[in-house]
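Keeping the supplied structure of chain A fixed, place chain B upon it in accordance with the hints.
Which chain is which? The protein sequence lines are A and B, in order. Here the working numbering is used: the first residue of the first sequence is 1, the next is one more, and so on. Here the working numbering is used: the first residue of the second sequence is 1, the next is one more, and so on.
Everything labelled a hint here was simulated from the structure, so no lab data went into it. Please read all numbers here as calculations on a predicted model, not as lab measurements. Watch out, some of these pointers could steer you wrong.
The list cannot tell twin chains apart, which means a pair is met if one copy fits it or any two copies do.
Calculated cross-link-like contacts (lysine-lysine; reagent style DSS-like; alpha-carbon spacing at most 27 angstroms) [unchecked claim]:
hint : residue 1 : residue 2
1    : Lys188    : Lys147
2    : Lys79     : Lys107
3    : Lys76     : Lys248
4    : Lys14     : Lys177
Protein chains: 2
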Amino acid sequence: MIALKGAQVSAAIKEQAEQEIKKLKGKVPCLAIVRVGERPDDLSYERGAKKKLESFGLESRSFVFPETIENESFQKEFKAINENPEIDGILLLRPLPRHLDEKAIEKIIDPQKDVDGISPENIAKVFAGDETGFAPCTAEAVIQMLKVNQIPIAGKRVTVVGRSMVVGKPLAMLFLKENATVTICHTKTENLNETCKNAQILAAAAGKAKMLNQDAVGEGAIVLDVGINVDENGKLCGDVDFESIGDKAAMATPVPGGVGAVTTAVLALHLVRAALSRMD
Amino acid sequence: MIALKGAQVSAAIKEQAEQEIKKLKGKVPCLAIVRVGERPDDLSYERGAKKKLESFGLESRSFVFPETIENESFQKEFKAINENPEIDGILLLRPLPRHLDEKAIEKIIDPQKDVDGISPENIAKVFAGDETGFAPCTAEAVIQMLKVNQIPIAGKRVTVVGRSMVVGKPLAMLFLKENATVTICHTKTENLNETCKNAQILAAAAGKAKMLNQDAVGEGAIVLDVGINVDENGKLCGDVDFESIGDKAAMATPVPGGVGAVTTAVLALHLVRAALSRMD
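Pulled out of the complex, with its shape left as it was, chain A reads as follows (with noise of 0.2 angstroms):
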């Protein structure tokens, strides 16, 4: 089985987005990330998006609001940010806190500058298959680890385990974009095994530490791994237990070390276009 890592993906969407980063004539692209609380699972994709942006040139900037911040407050922040005109595109770290309206949020953030797809505008245009919007990073990135690997998509039979609105539903059409036969996978799925193993790509993004092992991955099936769970000993581990498939799959994403680092080189060159839809 060939492991499939996400470095050299990056480094292939970097050679992109500096081929775009020229058209800006100078002008340096800032990333709004915006956090509230100090959950670790955001600390860590903050870290990891500030260290990617860093790499390829760009700059990000963290407005960081306190867990008991009143919803009313953080609307007006996060207007303030949305208006703001040094700021090309933003970073919502999700979930928010229950009190906070994340629905208002989404309907309030300027399409242009919703670097990862949560807006209705941009979730309709990934839904219709309008490539003119950004898609959430993290299914792109799933595209894109095949695309510049080289793996044909169109025509083949590819299953997604999940079906939310971050990752599973978007994945989905993103996949159908590419003229794949696409199953919808979810909690309800009778014969999960089955259907997943009847699959030539295999996504798995139902955020549960190894919950497919070998009895669910077909011969020579090419599998994509967007879980990042904690394992029983305080690891990072995947959907996939990576392991267990090596004599099935053809070819597997490793976490970490797979989707996770194309998914900030995709917001990477989000940010860059979106600062270039604003110069126009």
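Below, chain B without anything else, positioned relative to chain A:
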């Protein structure tokens, strides 16, 4: 094989609508049907819709424009209909002639009056599984056909053939919302028959006369035919060769007399709900 007729499902939806109409305190909802040109398909759907609305005790008004209307004039006229306080819901007959900007109209239409779910806001809601908006009537008609007939959907393997924004994609999302395991097929799908045969519920929405026959239907499957086509003898027919599947399918919807009759009933129900939402 049992033929699933639209008439009894339409009658059940009428009962539901009558309950909701009571809350309108005498107000009679009015649908604007917006048509450009005289396409036979449009005229036929318009006639069916008007008849159904009348039978539900609802009003409709046709707004007809010549095929030669300019884009700017059409947008102006459409805005006036959209803002007209006497209009509770709008059905735009599509596709529009090519020189008219359909995407612009989708953005103009008030989501609250958008009873056929064409606005980005309603589309995003269907994608997200948020039932507070309007789904496209045909897609919802398929789900109603199953629900009124008390056919379980949760956990079933469902295959949708077709990925249009009018039926295929929204229908896939509605099935997902009902906890089905959903596969989406299209023109680029390899081994289409095999994928269809694996489905417990098969929904055909490809818009191609009799493109599916007994070879695409699994033993005991339930077949929903969304297609409305004209066959080589000039007769209405679906995407499924109804005659051929009698020994395979457990139940199937005929064309005409199947999903189509339910679609206009869903349209009427949506109109009542649009009027209700405007009372708040």
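Here's how the hints hold up against the structure:
{"no.": "1", "hint": "Lys188 <-> Lys147", "in the structure": "between (31 angstroms within a copy, 18 angstroms between copies)"}
{"no.": "2", "hint": "Lys79 <-> Lys107", "in the structure": "both (11 angstroms within a copy, 23 angstroms between copies)"}
{"no.": "3", "hint": "Lys76 <-> Lys248", "in the structure": "neither (52 angstroms within a copy, 60 angstroms between copies)"}
{"no.": "4", "hint": "Lys14 <-> Lys177", "in the structure": "within (24 angstroms within a copy, 38 angstroms between copies)"}
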